[in-house]
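*Asks:* What follows is each chain in one-letter form.
There are 2 protein chains.
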Amino acid sequence: MNTLARPLRRHQALERLLHPASIAVIGASPRPGAFGSAVLRNLGGYRGRVYPVNARYQEIGELACYPSIGAVPDRVDCALIATAREAVEPIARECVAAGVGGAIVFASGYAETGQPERVAEQVRLAAIARDSGMALLGPNTVGMVNALVGAAITFMDITPVPSPAPRAVGLISQSGALGMALAQAVTRGVSFSHVLTSGNSCDIDMADCVAYLADDPACAVIACLFEGMSEPERLLAAAELAWQADKPLVVYKMATGEEGATAALSHTGSLAGSYAAYRAAFRRAGVVLVEDYESLIPTASFFAKAPKPTAPGVAIVAASGGAAIMAADRAQQHGVPLPQPNPAVRAILEARIPEFGSARNPCDVTAQVINDPNSLIECVEALLAAPEYGALAMPAVYSSEASTRFIPVYDDLAGRYGKIICSPWQSEWRDGPGAKEREQARNVALFPTVNSCFAALAAANWRAGRRVGPRHAGWRRQQRRIWRRGRSPPLPPRC
Amino acid sequence: MNTLARPLRRHQALERLLHPASIAVIGASPRPGAFGSAVLRNLGGYRGRVYPVNARYQEIGELACYPSIGAVPDRVDCALIATAREAVEPIARECVAAGVGGAIVFASGYAETGQPERVAEQVRLAAIARDSGMALLGPNTVGMVNALVGAAITFMDITPVPSPAPRAVGLISQSGALGMALAQAVTRGVSFSHVLTSGNSCDIDMADCVAYLADDPACAVIACLFEGMSEPERLLAAAELAWQADKPLVVYKMATGEEGATAALSHTGSLAGSYAAYRAAFRRAGVVLVEDYESLIPTASFFAKAPKPTAPGVAIVAASGGAAIMAADRAQQHGVPLPQPNPAVRAILEARIPEFGSARNPCDVTAQVINDPNSLIECVEALLAAPEYGALAMPAVYSSEASTRFIPVYDDLAGRYGKIICSPWQSEWRDGPGAKEREQARNVALFPTVNSCFAALAAANWRAGRRVGPRHAGWRRQQRRIWRRGRSPPLPPRC
Numbered sequence: 001m002n003t004l005a006r007p008l009r010r011h012q013a014l015e016r017l018l019h020p021a022s023i024a025v026i027g028a029s030p031r032p033g034a035f036g037s038a039v040l041r042n043l044g045g046y047r048g049r050v051y052p053v054n055a056r057y058q059e060i061g062e063l064a065c066y067p068s069i070g071a072v073p074d075r076v077d078c079a080l081i082a083t084a085r086e087a088v089e090p091i092a093r094e095c096v097a098a099g100v101g102g103a104i105v106f107a108s109g110y111a112e113t114g115q116p117e118r119v120a121e122q123v124r125l126a127a128i129a130r131d132s133g134m135a136l137l138g139p140n141t142v143g144m145v146n147a148l149v150g151a152a153i154t155f156m157d158i159t160p161v162p163s164p165a166p167r168a169v170g171l172i173s174q175s176g177a178l179g180m181a182l183a184q185a186v187t188r189g190v191s192f193s194h195v196l197t198s199g200n201s202c203d204i205d206m207a208d209c210v211a212y213l214a215d216d217p218a219c220a221v222i223a224c225l226f227e228g229m230s231e232p233e234r235l236l237a238a239a240e241l242a243w244q245a246d247k248p249l250v251v252y253k254m255a256t257g258e259e260g261a262t263a264a265l266s267h268t269g270s271l272a273g274s275y276a277a278y279r280a281a282f283r284r285a286g287v288v289l290v291e292d293y294e295s296l297i298p299t300a301s302f303f304a305k306a307p308k309p310t311a312p313g314v315a316i317v318a319a320s321g322g323a324a325i326m327a328a329d330r331a332q333q334h335g336v337p338l339p340q341p342n343p344a345v346r347a348i349l350e351a352r353i354p355e356f357g358s359a360r361n362p363c364d365v366t367a368q369v370i371n372d373p374n375s376l377i378e379c380v381e382a383l384l385a386a387p388e389y390g391a392l393a394m395p396a397v398y399s400s401e402a403s404t405r406f407i408p409v410y411d412d413l414a415g416r417y418g419k420i421i422c423s424p425w426q427s428e429w430r431d432g433p434g435a436k437e438r439e440q441a442r443n444v445a446l447f448p449t450v451n452s453c454f455a456a457l458a459a460a461n462w463r464a465g466r467r468v469g470p471r472h473a474g475w476r477r478q479q480r481r482i483w484r485r486g487r488s489p490p491l492p493p494r495c
Numbered sequence: 001m002n003t004l005a006r007p008l009r010r011h012q013a014l015e016r017l018l019h020p021a022s023i024a025v026i027g028a029s030p031r032p033g034a035f036g037s038a039v040l041r042n043l044g045g046y047r048g049r050v051y052p053v054n055a056r057y058q059e060i061g062e063l064a065c066y067p068s069i070g071a072v073p074d075r076v077d078c079a080l081i082a083t084a085r086e087a088v089e090p091i092a093r094e095c096v097a098a099g100v101g102g103a104i105v106f107a108s109g110y111a112e113t114g115q116p117e118r119v120a121e122q123v124r125l126a127a128i129a130r131d132s133g134m135a136l137l138g139p140n141t142v143g144m145v146n147a148l149v150g151a152a153i154t155f156m157d158i159t160p161v162p163s164p165a166p167r168a169v170g171l172i173s174q175s176g177a178l179g180m181a182l183a184q185a186v187t188r189g190v191s192f193s194h195v196l197t198s199g200n201s202c203d204i205d206m207a208d209c210v211a212y213l214a215d216d217p218a219c220a221v222i223a224c225l226f227e228g229m230s231e232p233e234r235l236l237a238a239a240e241l242a243w244q245a246d247k248p249l250v251v252y253k254m255a256t257g258e259e260g261a262t263a264a265l266s267h268t269g270s271l272a273g274s275y276a277a278y279r280a281a282f283r284r285a286g287v288v289l290v291e292d293y294e295s296l297i298p299t300a301s302f303f304a305k306a307p308k309p310t311a312p313g314v315a316i317v318a319a320s321g322g323a324a325i326m327a328a329d330r331a332q333q334h335g336v337p338l339p340q341p342n343p344a345v346r347a348i349l350e351a352r353i354p355e356f357g358s359a360r361n362p363c364d365v366t367a368q369v370i371n372d373p374n375s376l377i378e379c380v381e382a383l384l385a386a387p388e389y390g391a392l393a394m395p396a397v398y399s400s401e402a403s404t405r406f407i408p409v410y411d412d413l414a415g416r417y418g419k420i421i422c423s424p425w426q427s428e429w430r431d432g433p434g435a436k437e438r439e440q441a442r443n444v445a446l447f448p449t450v451n452s453c454f455a456a457l458a459a460a461n462w463r464a465g466r467r468v469g470p471r472h473a474g475w476r477r478q479q480r481r482i483w484r485r486g487r488s489p490p491l492p493p494r495c
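Heads up: the sequence lines are chains Y and V, in that order. Counting along the first sequence from 1, when you hit position 454 you're at 454 in this note's numbering, and nothing is skipped either side. Counting along the second sequence from 1, when you hit position 389 you're at 389 in this note's numbering, and nothing is skipped either side.
Please note that a few of the clues may not be correct.
One-sided and incomplete, this derived list gives chain V residues near chain Y with beta-carbon spacing under 10 Å [said to hold, decoys possible]:
#1 Ser-108
#2 Ala-263
#3 Thr-268
#4 Ser-274
#5 Ala-327
#6 Trp-425
Think about it this way: if two alpha-carbon atoms lie no more than 20 Å apart in a straight line, the pair counts; the simulated EDC-like pairs of lysine to aspartate or glutamate are [to be verified]:
#7 V:Lys-436 / V:Glu-401
#8 V:Lys-308 / V:Asp-412
#9 Y:Lys-308 / Y:Glu-381
#10 V:Lys-436 / Y:Asp-431
#11 Y:Lys-436 / V:Asp-431
By construction, these hints were calculated from the structure, which means they are not laboratory data. Nothing here was measured: the structure is a model prediction, and the numbers come from that model. Don't be surprised by glycine CBs; every beta carbon is placed ideally from N, CA and C.
Chain Y with its partners taken away, still in its complex shape (with noise of 0.2 Å):
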């Protein structure tokens, strides 16, 4: 990292701007509608100190108002700018003389315009908070939200994020509203820790973020949306430290094509950069990049639930035989070993699943079997207790209220054997019942499709390939082995 023409700054250097025990909200306002009520109001959770400042009001709500930054009574953490940007630079230079920790900056039309009085403004913005040493998130960013000490610290009328799982994803998007979108999987139970959006990153940028994150306790998985920046050594180098604390780094790359690249450039002035380097910079990083915007947090909540394999094959068990299909069919698409049960195991199978069901992997239980749950039980038991398969996926395919009761009893299985029962959801009915039940799971993973699901399960199986080191190609030699083979091999040690 000695190379970086930035060093990284790690958690202590903006522990006090993302994790602040105090917030300044620099423009604040009683007025319905200004991003500085909204702020205010969005603060209503957090557990820390809140001071308004705007020299027009002596106090809003019941909170004294101070007249500048200055005036504050107390050591102020982070300072939120939430005025026009014409007032921005100014007052940034306040907030250095008062010691704030950090800042954060709401306001647009920065290098994102293109102009080049613009760029310079925010290169002027960028060196405020450099030669200080004061932390700034932004340009146009739409902020944060903070949910171990409930501070969302942002103008959109968000869903509200609970304080976290002890497993939680941190949350990073150079997007604000895409960032924000993401975020809303809070409604059916994923738990977020941070969710930080970086916006133009004149100062911190995503890598730092990561950097932060990955020595944040709260946070067990790193998911980023990302489309850019002109220093990707950076992004490298964070992967490398989110590695080493043992926490998947789950990427979307956006700007993969030229059209995309020209509009991520008026958008956050990010240099998009080409598809095929950052994907290969990437893969050598240990990043699981996702294919889809739509399998990032998907992916990211799998991984934070997610024990590592103990061996890279899945048993697929479902109720409806083409469910169990279309599992194989994107198991092989993604290299995802399917080793058949051990004669012990397939005992058991034939002894509950009728002969026009499917005693094999892909498991076919029939619908019979769903209506005799302690026949599922005993199959499901079987599969998480043989030593071939370090997952289970079960296709959830009709959403109903019936569908919902046994999700508890899977759940603590896959619990006791120390595996992940995966479930892919085939019903039109999105948040139909057993959706929320399943993300609710602490040992069940939900995904929006099919491919997302075994494209998780792939990655999982890679980095459990990666992190034996030097015994890497072994492993895959050994996988291909049982691929063709359908079953599965003694594990490497350490995985």
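Assemble the complex: chain Y is given as a structure, and chain V must be docked to it using the hints.
*Replies:* Quick look at chain V alone, frame taken from chain Y:
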């Protein structure tokens, strides 16, 4: 079609079975949990005459029950055989003797078991149907829905399918559970005329069903979840009927790999065939082949709404720069041209969009314009009116009640200009506010992913080009030209 081993059944030949005025439930039962009980419950909304048949009962609920199909004092159009497999064959013969129009067989355990005597049993069942001319759906089917007459002839506890809208989707699936899971799109307002699950397809197969729907005025678009069949030429011949009827035929092909194909054989006894061969044949036949299961219904619903494109170009309008970038990425990937707006339109955009947005295509109107609905409406109207655009893509980024307010305005505008507005859904709140409202709008198409949205737009352009006939190649060349030049050519005739 003279070369087919079995000619396709057309509408008239299947009408009594698939659009029945009277239904007999053989194996009817008052016992909760029995197939024959579930079917009677599902027929609660049926607008025809229902006759339970079971020698054990004199009446079931308020209906008289008959000892045999021959004892029913009415012409029975559709006989549902809800008995165990062993009883099916003699009952099927009784149905023939009673002059029944068609039969549905739920029982499993036929050719899908792979056992020679069971294969023979299925062959005999098929012979009963063919020799008599009585149409037979199944065996190993979960049944069907004809929404025109409210007939849900299935044992599954399905989400009710309401009376179809004027341009409804006809859905056909070999897999029963997946077919019903796809039909759960009714929960957000997708309209279905029929849901037909063909199971082992021993008599009526997917090709017959396509031919039937091609003739049915209630169905505007045909969606197929397809595993495979022994005589694929039949499906291609049916596709030709759909093409002649100007009904898009949208197919997802399962069992694309070797593992999936093996599973298909034990699911519905289908020969999966080579995916590459199917893909090529479908393309020649004008079939829209979707690459993901999850795109099938959204693509069909799009085609049910979309007028023929008057130009291949698409304008992207987003309130989020990130959403604009991703849309542009996928447009390029699928070869959907993004011509730049003509000078008059550009002037309107520039007057409305702030400098930090983008008054080009893709168009980033920014959050500022979203908060000034009149500006956005003017931009949208200018783009809809521009001859260089056949459709608009407006990503739905953040799900909120506020975002739903203007959907009716855009819907009306799109209708006025005879174009469709496509909305890829980008919030992780999958059924959040705005999803239903878009799905239910006449001129707005909702997509679960950016990729499926542009794949569908590309397919609509491709179909329009194919309809031009011999000038197809010229149309393709034009498309390539405008992609480079960024503007639309005059359109070929008839498109």
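*Asks:* Against chain Y, run the beta carbon of Ala-327 of chain V and see if the smallest gap drops under 10 Å.
*Replies:* 8 Å, holds
*Asks:* Does Lys-308 of chain V pair with Asp-412 of chain V here, judged by a C-alpha cut-off of 20 Å?
*Replies:* Answer holds: Lys-308 of chain V to Asp-412 of chain V is near 17 Å, not above 20 Å.
*Asks:* Against the 20 Å threshold, does the CA-CA distance of Lys-436 of chain V and Glu-401 of chain V hold or violate the hint?
*Replies:* 12 Å, holds
*Asks:* If you take the shortest Cβ to Cβ gap from Thr-268 of chain V to chain Y, is it below 10 Å?
*Replies:* 7 Å, holds
*Asks:* Do the numbers back the hint for Ser-108 of chain V, that is, is its least Cβ distance to chain Y under 10 Å?
*Replies:* 4 Å, holds
*Asks:* Taken at face value, is the distance from the CA of Asp-431 of chain Y to the CA of Lys-436 of chain V at most 20 Å?
*Replies:* 12 Å, holds
*Asks:* Given Trp-425 of chain V was flagged as interface, is its beta-carbon under 10 Å from a beta-carbon of chain Y?
*Replies:* Holds, about 9 Å.
*Asks:* Given the hint that Lys-308 of chain Y pairs with Glu-381 of chain Y, does the C-alpha gap stay at or below 20 Å?
*Replies:* Measuring from Cα to Cα gives roughly 19 Å; hence the hint holds.
*Asks:* Does Asp-431 of chain V lie within 20 Å of Lys-436 of chain Y when you go C-alpha to C-alpha?
*Replies:* It holds: about 12 Å lies between the C-alpha atoms, which stays within 20 Å.
*Asks:* For the hint on Ser-274 of chain V, just tell me whether its beta-carbon gets within less than 10 Å of chain Y.
*Replies:* 13 Å, violated
*Asks:* Checking hints one by one. Is Ala-263 of chain V an interface residue toward chain Y, by the C-beta closer than 10 Å rule?
*Replies:* Interface hint status for Ala-263 of chain V: holds (4 Å vs cutoff 10 Å).
Hint compliance for this structure: hint 4 alone is broken.
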